[in-house]
Amino acid sequence: MNKSELVEQMAKAGGISKATAEKALAGALDGITKALKKGDKVTLVGFGTFSVTKRAARQGRNPQTGKPITIKARKVARFKAGSKLSDAVK
Numbered sequence: 102m103n104k105s106e107l108v109e110q111m112a113k114a115g116g117i118s119k120a121t122a123e124k125a126l127a128g129a130l131d132g133i134t135k136a137l138k139k140g141d142k143v144t145l146v147g148f149g150t151f152s153v154t155k156r157a158a159r160q161g162r163n164p165q166t167g168k169p170i171t172i173k174a175r176k177v178a179r180f181k182a183g184s185k186l187s188d189a190v191k
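Residue numbers for the sequence shown follow the working numbering, so the first one is 102 and each next one is one higher.
Treat the hints as calculated values from the structure; they're not laboratory data. It should be emphasised that the depicted structure is a prediction, and the values quoted were computed from it without experimental measurement. Some hints here could point you the wrong way.
Said to hold, decoys possible - Pairwise CB distance ranges (calculated):
(1) Ser118 with Gln165: 42 to 52 Å
(2) Ala120 with Thr171: 27 to 37 Å
(3) Ser118 with Gly167: 49 to 59 Å
(4) Gly167 with Lys142: 37 to 47 Å
(5) Asp188 with Lys139: 27 to 37 Å
(6) Glu106 with Pro169: 39 to 49 Å
To be verified - Simulated pairs of lysine-lysine, DSS-like, Cα-Cα distance not exceeding 27 Å:
(7) Lys176 with Lys104
(8) Lys139 with Lys119
(9) Lys139 with Lys173
Virtual Cβ for every residue (Gly too), placed ideally from N, Cα, C.
Between the sequences and the hints, there should be enough to build the whole structure, so can you do that?
Here it is, written out as structure tokens:
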């Protein structure tokens, strides 16, 4: 499923226009992004939790040359599925 298919499904389920559904989706994604930028967790009960974790610096290899390189430490977004989502996928 891509974004336009999700917007279409949201519009149908909510009985709203596709434009309104797209604005709602954009607002939700923007809210999640802003919260993660601040370092907050976003929990949607039953669906899952979005969080930010730190990935330590580590050694890697350039696949073209085989030479060792240092990969810098950075923050990454994580998602952990909630119980209802996990049960639905089983």
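Each hint tested on the structure:
| no. | hint | result |
| --- | --- | --- |
| 1 | Ser118 with Gln165: 42 to 52 Å | holds (49 Å) |
| 2 | Ala120 with Thr171: 27 to 37 Å | violated (47 Å) |
| 3 | Ser118 with Gly167: 49 to 59 Å | holds (55 Å) |
| 4 | Gly167 with Lys142: 37 to 47 Å | holds (39 Å) |
| 5 | Asp188 with Lys139: 27 to 37 Å | holds (31 Å) |
| 6 | Glu106 with Pro169: 39 to 49 Å | holds (43 Å) |
| 7 | Lys176 with Lys104 | holds (25 Å) |
| 8 | Lys139 with Lys119 | violated (30 Å) |
| 9 | Lys139 with Lys173 | holds (21 Å) |
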